[in-house]
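S.K.: Spelled out, the chains give:
2 protein chains.
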Amino acid sequence: MRVPSGLWKNLVPVQIYGANTGVGKTVVSTLLAKHFPGRKAGKTRWSVKYLKPVSTGPAGESDERYVKRHAGCQVRCLYRYDDPVSPHLAARNAGEMVSDETLLSRISKSLRQYARSEPFGADKRAIVLIETAGGVLSPGPQSTPQADLYRPLRLPVVLVGDYRLGGIATTISAFESLTLRGYDVDAIAIFNSGRFGNDEYLKSYFKNQGNIPVFSLPSVPDLEDCSKEEEWKKMEEYYENVHLSPELSVLAGCIVGQNRKRLQELNKMAKRTNEVIWHPFTQHKSIEQPHDILVFDSAYGDYFQTLHTRKSLKDIKHEDELPVLYPAFDGSASWWTQGLGHGNPELSLAAAYAAGRYGHVMFAGATHQPALLLADRLLKGLENPRLKKVFFTDNGSTGTEVGIKMALRAACKRYEWDGSAEEIGIIGLKGSYHGDTLGAMEASEPSIFNKKVDWYRGRGYWFDYPQVKMRRGRWVVEPPVGMEEEFGPRQYFESLDEIFDFETRGSSPRYEQYIEDVLNRLTKSEGKKFGALVMEPVLLGAGGMVFVDPLFQRSLINVIRRYSFSSHQTDSSDPHTWTGLPVLFDEVFTGLYRLGRFSSASFLSIHPDISVHAKLLTGGLLPLCTTVASQSVFDAFWGDKKADALLHGHSYTAHPIGCHVANTSLEVMKGLEVSSIWERYRRSWMGETRKEEGKFRMLKGERKEEWIWSMWNKHFVEEVSKNKRVDACVALGSVLAISLVDKKGAGVLGFHFRFSLPCF
Amino acid sequence: MRVPSGLWKNLVPVQIYGANTGVGKTVVSTLLAKHFPGRKAGKTRWSVKYLKPVSTGPAGESDERYVKRHAGCQVRCLYRYDDPVSPHLAARNAGEMVSDETLLSRISKSLRQYARSEPFGADKRAIVLIETAGGVLSPGPQSTPQADLYRPLRLPVVLVGDYRLGGIATTISAFESLTLRGYDVDAIAIFNSGRFGNDEYLKSYFKNQGNIPVFSLPSVPDLEDCSKEEEWKKMEEYYENVHLSPELSVLAGCIVGQNRKRLQELNKMAKRTNEVIWHPFTQHKSIEQPHDILVFDSAYGDYFQTLHTRKSLKDIKHEDELPVLYPAFDGSASWWTQGLGHGNPELSLAAAYAAGRYGHVMFAGATHQPALLLADRLLKGLENPRLKKVFFTDNGSTGTEVGIKMALRAACKRYEWDGSAEEIGIIGLKGSYHGDTLGAMEASEPSIFNKKVDWYRGRGYWFDYPQVKMRRGRWVVEPPVGMEEEFGPRQYFESLDEIFDFETRGSSPRYEQYIEDVLNRLTKSEGKKFGALVMEPVLLGAGGMVFVDPLFQRSLINVIRRYSFSSHQTDSSDPHTWTGLPVLFDEVFTGLYRLGRFSSASFLSIHPDISVHAKLLTGGLLPLCTTVASQSVFDAFWGDKKADALLHGHSYTAHPIGCHVANTSLEVMKGLEVSSIWERYRRSWMGETRKEEGKFRMLKGERKEEWIWSMWNKHFVEEVSKNKRVDACVALGSVLAISLVDKKGAGVLGFHFRFSLPCF
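Top line first, the protein sequences correspond to chains B and C. Position one of the first sequence corresponds to residue 23 (the working numbering), numbered consecutively onward. Position one of the second sequence corresponds to residue 23 (the working numbering), numbered consecutively onward.
Each hint can be trusted.
Since the list gives no way to pick out one identical chain from another, each pair is judged satisfied if it fits inside one copy or across any two copies.
DSS-like, lysine-lysine: derived pairs with alpha carbons at most 30 Å apart: (1) 664 x 410; (2) 664 x 435; (3) 410 x 435; (4) 664 x 290; (5) 229 x 402; (6) 491 x 473; (7) 435 x 293; (8) 473 x 551; (9) 692 x 290; (10) 229 x 692; (11) 307 x 664; (12) 402 x 290; (13) 62 x 255; (14) 283 x 410; (15) 131 x 283; (16) 65 x 283; (17) 546 x 473; (18) 65 x 146; (19) 663 x 290; (20) 290 x 146; (21) 435 x 452; (22) 473 x 550.
If you're looking for bench data, these hints aren't it; they were derived computationally from the structure. Nothing here was measured: the structure is a model prediction, and the numbers come from that model.
For reference, chain B alone in the conformation it holds in the complex (with noise of 0.2 Å):
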């Protein structure tokens, strides 16, 4: 949902929710509504607006109505049902559906109204009270818990704790549930609880939770057996008392300095940042300047709520009605991240619960149930009949180091090489990208990111290779230039579909001689030694969206395996033990659904010895990485000696918390993938390829990875690739890349939605 988080220069907008209903919001609404405009802090004028997005039960006993008798303000509801229930038993009751969307955006609508109307200047302000309905969860007009519903505003919060018996555990829980959500609760009023007490506790116990200030405010009159006129004078009385009292004073005062203090906090945060943080992969004198810097407040679906830049203001006038934040698309996905959204609680609540049941627990010779239950998935996942062992690191970078760590042993042990004397290298493709600690470094080839690494040498040799792309609307395998002679011709195709079928494709013997005659120079004319082959499977992510001819993949794998590296060869007669070389997928880019399956090995119907998952695996929350090994690649590791072991691990190995987010994370991706929307993404795939029918049918039935689709529009996509500007695109599950014709030569833009976002 694409609406700016409320936060302006002249208006103050505070949510009120109440720890449960009948708490005295709209007491607390009434009385800030009271207090604003007679308030004598400072030398602010303060204009005050009431809006209450939701109301339910008689018009003639609304909230807004009541603020309005009391306190005099300008009020406004947004969607009104007779019925005294929960929002959203009183819109169906009343058959008036409002969409979340919709409720949404006429409250951002209103607040800009708000923020236009009001004269700005540094003596005028206004406060805008946004009373929600029941809880802090009660659901809205659509269902949603109103937490959730009201989250991409992120608005400050006053939370109404519960005076009644109970009410300290309620009051805490609803703090929890809005903590837990991402939000900022400002302040706690309760009224005076006498001997219940909960006012004094509260006070205690949030002064050591987060120093979050509770107020104690006095309690309402007794209204039991009074009329209607009587309730009306003493209320009134009770508002006169109250509403300027020292302890409302220093409630609004709390929320006007909150608001100050994250202003001025966001508009120090760019300068800050470029004196103190070193960012990663940056040329820092490219961001000299503090309005280089992306200054984030928070993100939530596939937005971040972005501080004003100097070039996001250009063109705008009056930019003081404008939000200080604006929502900026996240079209990399947070580095390729993030497959179900910014702040989704489930995964929130997932984080918090595996923290609350282990915290971290050493993992050496000891075990929990989220990282096996994650190995468990991923094994079973991954449908690849050698992996059997699940090694766990913290990036994709450990971990791909960790799976050259393993492949290398295995082959040096089988092989009879001593590593340690002689350069054993590794096999890849050229352009590939693995991490940036050295041991994944040295994997790939020469290229920008290692030249200056002073450790760096590059130990292997990276293969040329003929490229997947679309050019004006139509599929094309094209060799690199100057190596037709080695790959052949461009060739084209009607589908992806038919770029996939190994069946009708066969095997390429001429991939297959160079690949065979490039290893005999190296080993026997150079006499060079080779511990793995290591690659990404169909998609080179970091290396610029390269998309490689899978058969040429399929190839390398077959001419690898088959190969002879040493005059030691296996005995084993295991179909599962690897032959030539290990083979090691990294799949940390195009794994774990990116491209639209659970594993991207698939794709080529190969099965590596070792591969390598993270980036989607903990949705988007926290680093997690899983090497996975073939049982004969393991036991290369199995002696009676300590040294014989793999003696890699880092302090917070398969941590619970990140083991538990996958495992969450997994089962939500899964849930997606027999999901309408990618049924929809699928559907605008088909009708392209000769075997339409069968296709369909095998849609209907299990086998619906057959099928190569994206969740980019195959019209969208083909109109991109005949637009002037572009040199060629390629897509691919949730993956667009775009390469670009310009007079520097052809600049490659990646992106990549979240898996829930409707196809274009």
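We have chain B; now place chain C onto it with these hints.
M.R.: Positioned in the frame of chain B, the structure of chain C alone reads:
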């Protein structure tokens, strides 16, 4: 708190929590108490116990009496207060305080008694219903919220939902509060909420949220205006009608089923772990049997809840009466990560907040508040005027690699060396360890940990050094065997303070001469080049808790900083510019209060140019690492070309969850630094120095850090050192390391406690 988690073979305990007070916990308990003995499912005969740990209100109207009357089962109340208010007030009013520890241990004892008194067999089991008071977070007698107070037992929960208006919100929030404390909610029971539709809503909500079953029970009869007798009759009729209803049978079946499932899963975990998990640092042949694997069900404070192994059950006869889990002390604080105990609710909520506010947001050229705040905190806490820039990675190994990349580049650039062609090594100490990624390994000398890593070469020179030990109650600085000539003979010291008293010890011409001779040999005779000094200050952690003579470390740095490694010297007049070689301190193990101070560099009164921090940084929750660098190191990467930059990064660089948890953790530790607990630790080490008077004054003033102390009681440490099986020991901050004399030589035991433990 050392109690076993509540899990038995013959006993099913379930804790009845309420979403609020007045939601019908006691009615649900009564229904279950009445249901089980008459239960028709399966062959098991059930007996029922009802336990009310804390009851408030008049004895005549107590819950346990009510349950006994209606269900006729055995009931027990541990603490009773007449005042019908929250237990924390009732206990205070009654002047009868009961500590959390006592209450917990009495519940644990009751459960054990029940388990013992039960005849056990396949067809006989007991259920124990433990009813809490008020809502989930209502305070216990000592004011601790109940869900925190009872957390060490981690009993499975039946949450009684709130059927009233607003009850959807309170029920979900109560569920979230339990979940973020690591509880498993087996089921939610709620009375039919009529037109409010809470039960219907919650059924559908929880189907999507963790698939928690929600049971809708018939409403309790209207008891308004009833006499006591009529009340009794109506309720008796209600219980009679409902207790064997299908809904209640399924609820009971769900409780029993979850218990069975949990036992089955726990029993399978070790075997399955051995099948699918590849453990860090582990020779799998040595843990071939399932009973070699520690199975952790959960953890809290300093204890794991661990499945009994053959070893832990040795000598125990009646194991069926035993809890299935036992509390195992986490003696290494889970690989030195825990500072604040497992399952810390403040940290869990912090993790959830950052997940809810951001998820992860990409960090290159961007910023967010948790990362910036953490950078500020670190720079402030380190009190090192050289350090200016903070780089984020995921663990100590990657953080050290980044530091090495920084240092090498800075040196190669200034000295005009071509790192890609020349071998540039690092200088370090023997036995040091900096992690398992290749770059970090290369900075460690050859050892068991790296000798079978095929790409490892070991790029550097590692110095010998004298060590500090406590032998037979006395502190001694000892040269390595056979190196008395280089380092001088053993020196005895009165106190740790004296060892670190560099004013009195002065500089060491002997150490400095030795170091200079070695450097001359390496660089002048052998022509070697070096780009950094890399070492752990004071204590080499993974190297075996080796306590290096701090004067030697100072001498090494002094010599290196004035030594001429190249003819190109700096022309900077800035005193914070590195000279000789950039000095990198790996404080991953030693820093952030491990040794009692924020920075372990401060013990040496040395300002490194780069320092690395992880482990305790995130309070034992999840991986994060920071590499902090000086301006002069940063400047080496400044330039017009992107290739000049530090092109290192990980997908989850500076993930907000890690940063925010780190901020929370550092704040709590900062509080401990001035707490009475640490004050007690400090005092236990007072009185051993010649400067007692002066130091004591410092203790009262601001310069507390001058004092060298341990969280281990001085007398205790001295006694340990005098044990005849002990060769020597070391105590500093939270670390106690004991070298044993055994037949095979000397083994080292290392201990670290979380910081809030009382001293021994």
